[in-house]
Every structure is written in C-alpha cells, then in structure tokens.
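Engineer: The listed protein sequences derive, respectively, from chains A and B.
Just so you know, we're using this note's numbering here: the first sequence kicks off at 1 and counts up by one.
Just so you know, we're using this note's numbering here: the second sequence kicks off at 1 and counts up by one.
Please note that the accuracy of each hint is not assured.
Unchecked claim - Lysine-lysine pairs mimicking DSS-like chemistry, simulated, CA-CA at most 30 Å apart:
1. A/K56 / A/K2
2. B/K57 / A/K42
3. A/K56 / A/K67
4. B/K57 / A/K67
5. B/K13 / A/K56
6. B/K57 / A/K2
7. B/K57 / B/K13
8. A/K56 / A/K42
9. A/K67 / A/K2
10. A/K42 / A/K2
As the list claims (entries may be wrong) - A few chain B residues that face chain A, going by a derived Cβ cut-off under 7 Å, partial list only:
11. G40
12. G42
13. L43
14. F45
15. N56
16. S86
17. L90
18. Q98
19. G99
20. F105
21. S107
22. G108
Said to hold, decoys possible - Some chain A residues well away from chain B (every beta-carbon gap over 12 Å; in silico):
23. Q1
24. V13
25. S26
26. E57
27. F61
28. A90
29. I93
30. G96
31. N111
In short, the hints are calculated from the structure, not lab data.
C-beta: ideal position from N, C-alpha, C; glycine also.
Single-letter residue listing:
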Amino acid sequence: QKEVEQNSGPLSVPEGAIASLNCTYSDRGSQSFFWYRQYSGKSPELIMSIYSNGDKEDGRFTAQLNKASQYVSLLIRDSQPSDSATYLCAAVIIQGAQKLVFGQGTRLTINP
Amino acid sequence: KAGVTQTPRYLIKTRGQQVTLSCSPISGHRSVSWYQQTPGQGLQFLFEYFSETQRNKGNFPGRFSGRQFSNSRSEMNVSTLELGDSALYLCASSFQGQGTYGYTFGSGTRLTVV
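Produce the complete structure using the sequences and hints provided.
Structural biologist: See below:
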C-alpha cells in the first residue's frame with residue numbers, strides 16, 4: 001500500500017463548477033496534511049494545510065480531513081481555467097524517520 | 001524575501017558521469033529537503049538536512065548523496081549517472097523541517113542523462 005494515494009485522473013470540470021480532489025494515507029499517526037498545486041513546467045506551490053479533523057476554508061478552496069477514515073480532500077468552488085494544474089496531496093509520515101510524502105497527483109482541467 | 005534558489009536550471013550529462021546540484025534555502029530556514037520528480041514515480045523523497053546533519057534519507061541508492069553547509073546551503077551529488085536518473089530534482093526549504101508545516105520549493109534542476 002502506498003503511503004499517500006490519489007486518484008490519478010485526469011479530472012475534467014466545467015468552469016464555475018466544484019472540483020473535488022481526494023487523497024488517502026496509510027500512517028494512522030500522521031498529523032499534518034497539505035495540498036500543493038503544480039502548473040506544467042513549474043515547481044509545486046503550497047495552497048492549503050490542514051491539521052485537525054473537519055473543514056478549513058481559504059477563499060475558493062476548502063480542505064477536509066477525516067483522520068478516522070484516513071482521508072483528505074480538496075474542494076475548489078467556482079472553478080476557473082487558471083485552476084487547471086496537477087494537485088498533489090502530501091502527508092507527514094511518522095513511521096520510521098519523519099518525512100513529507102506526496103501522492104502521485106491528480107491532473108485537473110477546467111473547461112471554459 | 002528571496003525564495004529557494006536552485007542552480008543550474010538545466011543539465012545534460014552523459015551516462016557514467018557525476019553531477020552536483022545546488023540549493024540555497026529561504027533566509028532563516030535551516031532545513032533543506034531534496035525530491036526527485038519523474039512522470040512515472042511522482043515526487044520521491046531523497047533526503048533532508050537540518051543544521052548540517054542528514055536527518056532522514058529515502059530509498060535511493062548510495063550514488064545519491066548530499067550535504068549542507070553552515071549557511072544552510074545544500075548540495076546534492078549523483079555519481080555514476082544512469083539513464084533512469086533523468087528527472088526534475090526539487091529542493092525544498094523550511095524553518096523546522098520534517099514536513100511539519102510544509103515546504104517551499106525551488107524551481108528545480110532538470111537533469112537529462114544521455
């Protein structure tokens with residue numbers, strides 16, 4: 001089982017709709033979770049962090065964490081073409097030496 | 001505030017050669033982590049340095065090594081290059097390290113081995 005898993009997509013969403021990205025993790029002791037956005041040819045950019053169960057909202061982005069289900073999600077409301085990118089889920093894995101582990105990423109395309 | 005600076009941006013090397021990549025973290029950040037990104041494997045953790053000490057290492061062969069200097073700048077070295085080492089190498093810095101509060105990434109070094 002991979003430490004962090006995402007639906008590889010690609011995911012296509014019409015402009016103005018809600019994009020939903022999902023991620024699961026294997027280390028039940030993980031406490032810190034992140035969503036990064038990576039445009040083609042660019043490096044990953046941190047867009048959301050979440051540490052507690054529940055929802056965390058920042059503008060059009062909402063991160064959701066359910067530690068019991070070991071599940072993290074990212075919702076993008078009112079999707080814009082500029083949101084088209086690969087979204088990477090990351091979790092701090094504490095089994096063994098602590099490190100930040102990334103999922104494979106989900107490629108999201110917003111269609112005008 | 002300057003971001004994470006990686007040099008060079010692009011490299012082309014021949015199989016069997018060695019290469020050294022450089023990373024300057026954000027001022028005040030003491031932790032530098034290195035990742036390899038390929039289309040097939042995604043972002044894979046190489047190692048993390050904190051205050052000149054290697055704190056953690058990923059599942060890569062011993063050909064991959066690194067170090068950190070007293071000014072927090074870090075270098076990564078790959079010896080005896082193989083075709084499969086072609087990838088984007090990303091450096092990430094943080095104040096505390098171990099991923100606790102996330103990382104800021106540099107622009108990366110695109111390494112092509114021919």
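Engineer: Work down the list of hints and note, for each, if the structure agrees.
Structural biologist: These are the hints, each one checked on the structure:
1. A/K56 / A/K2: 25 Å, holds
2. B/K57 / A/K42: 25 Å, holds
3. A/K56 / A/K67: OK: A/K56 and A/K67 at ~14 Å, within 30 Å.
4. B/K57 / A/K67: Distance ~26 Å between B/K57 and A/K67 Cα, so the pair holds.
5. B/K13 / A/K56: Not OK: B/K13 and A/K56 at ~45 Å, beyond 30 Å, violated.
6. B/K57 / A/K2: Cα-Cα ~17 Å, so holds.
7. B/K57 / B/K13: This hinted pair holds, its Cα atoms lying about 24 Å apart.
8. A/K56 / A/K42: The hint holds at about 26 Å.
9. A/K67 / A/K2: 17 Å, holds
10. A/K42 / A/K2: With Cα atoms ~25 Å apart, A/K42 and A/K2 stay inside 30 Å; holds.
11. G40: 9 Å, violated
12. G42: 4 Å, holds
13. L43: Since the shortest Cβ distance to chain A is 4 Å, the answer is holds.
14. F45: Interface hint status for B/F45: holds (5 Å vs cutoff 7 Å).
15. N56: 4 Å, holds
16. S86: 16 Å, violated
17. L90: Constraint on B/L90 satisfied, holds at 6 Å.
18. Q98: 4 Å, holds
19. G99: 3 Å, holds
20. F105: 4 Å, holds
21. S107: With a minimum Cβ separation of about 5 Å from chain A (threshold 7 Å), the hint on B/S107 holds.
22. G108: This hint holds: B/G108 lies near chain A, its Cβ roughly 5 Å from the closest one there, short of 7 Å.
23. Q1: 15 Å, holds
24. V13: Its Cβ never comes within 12 Å of chain B, the nearest being 22 Å, so this holds.
25. S26: Answer for A/S26: holds, closest chain B Cβ roughly 15 Å.
26. E57: 18 Å, holds
27. F61: 14 Å, holds
28. A90: 7 Å, violated
29. I93: 8 Å, violated
30. G96: It is violated; A/G96 is separated from chain B by about 8 Å at its closest Cβ, not greater than 12 Å.
31. N111: 23 Å, holds
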